[in-house]
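Novice: Sequence:
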Amino acid sequence: MPFCPRALLVICATVMPLAAQLEHSRAKVDPSIPGYLPGMTITEMVTAVGSDPLAQLCDEWNLGFRKFNPSANLKFTPSTTPPAVKAFVEGAADLAFLAREMTPPELKAFEAKHGYAPIRIPLCIDATIVFVNRSNPLKKISMGELDAIYGTKRLGGAKEDLKTWGDLGLRGEWKSRTITPYSREKTTAIAQLFRDQVLLKGEAKPTVVECIDANSVAESVITDAGAIGYAPMVAWYASNRVLPVIPYQSEEAIAPTQEAVLAGKYPMTRLNYLYVNRAPGKPLAPTVKEFATFVLSREGQACVADAGLFPAPPDLVKAGLKRLQ
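First residue of the sequence shown: 1, per the UniProt record's numbering; consecutive thereafter.
Please note that a few of the clues may not be correct.
To be verified - Straight-line alpha carbon distances no greater than 16 Å define the calculated EDC-like cross-link-like pairs of lysine to aspartate or glutamate that follow: (1) K113 to E90; (2) K139 to E251; (3) K163 to E173; (4) K205 to D161; (5) K108 to E90; (6) K28 to D306; (7) K139 to E252; (8) K153 to E90.
In short, the hints are calculated from the structure, not lab data.
Go ahead and model the full structure; you've got the sequences and the hints to work with.
Specialist: See the structure below:
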């Protein structure tokens, strides 16, 4: 399978994500979410591992938390999700911020080591966005068409593979231009989610170009006029064109807006999670509880919006705070 090394994409220094360029795209935080009230002064370092698309969000949380606790610090070690889970299971960090739920084998490994299950707390909402080069005139795309571009078996119902942009109805210079699909590595949370939601558990084509992180997918599409890519919201760049997506068994193209995602209309969404290690009947470590409480506060969810993601609705926040008690 082709691979796109991010080191070759030097233009990233001059291109900022959409969330940083278009202020009106920032998600809204529900005002009914309780504000953060510090329960204690934190001076220690909080350690965390997690999925690499959440690195920017963890930076925002660290800055926000330090406004209340200037001597505190979050040390976040990003990676793909499987090694992050492994490090959390082995006790290498206080917290794990994950782009998916832990799998049954991962939970079994945690229970085998610790004798109990970890606590899972929903944090915020992400969406898988699909984008093409800004020069591409395509206005929308269906999940069946995505399956015919990325998948080997076309389980979404397409009769033929889609190999050129002309196959999607484009004309002129685009008619014969080859479609080059980009994605994350197949072991990542988003690639697995795409496989489930779009490829209907089919396999990706060996011609899909795998990139080392979400920003590399976006940057590859910026430099390749024939490219298409998918990634989390963190990779929404103004220099690409994000496409509305037509869900399976629908004819309506849905843009990945906060309203569409919260209403369940946009077809490719996911929750991000916090996992903590707490033995039954025992309290959480004070530093862990304090930081997790901040993350679930109105200020913490404002950090989610600043990072380009969608804050959790109040009912999820309430459930998460209850699990910390």
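Novice: Evaluate each hint against the coordinates.
Specialist: The hints, checked one at a time:
1. K113 to E90: holds, 8 Å
2. K139 to E251: Holds, because 14 Å separates the two Cα atoms, which is no more than 16 Å.
3. K163 to E173: Answer holds: K163 to E173 is near 15 Å, not above 16 Å.
4. K205 to D161: holds, 10 Å
5. K108 to E90: Holds, because 13 Å separates the two Cα atoms, which is no more than 16 Å.
6. K28 to D306: With a Cα-Cα distance of about 10 Å, the restraint between K28 and D306 holds, given a limit of 16 Å.
7. K139 to E252: OK: K139 and E252 at ~12 Å, within 16 Å.
8. K153 to E90: violated, 38 Å
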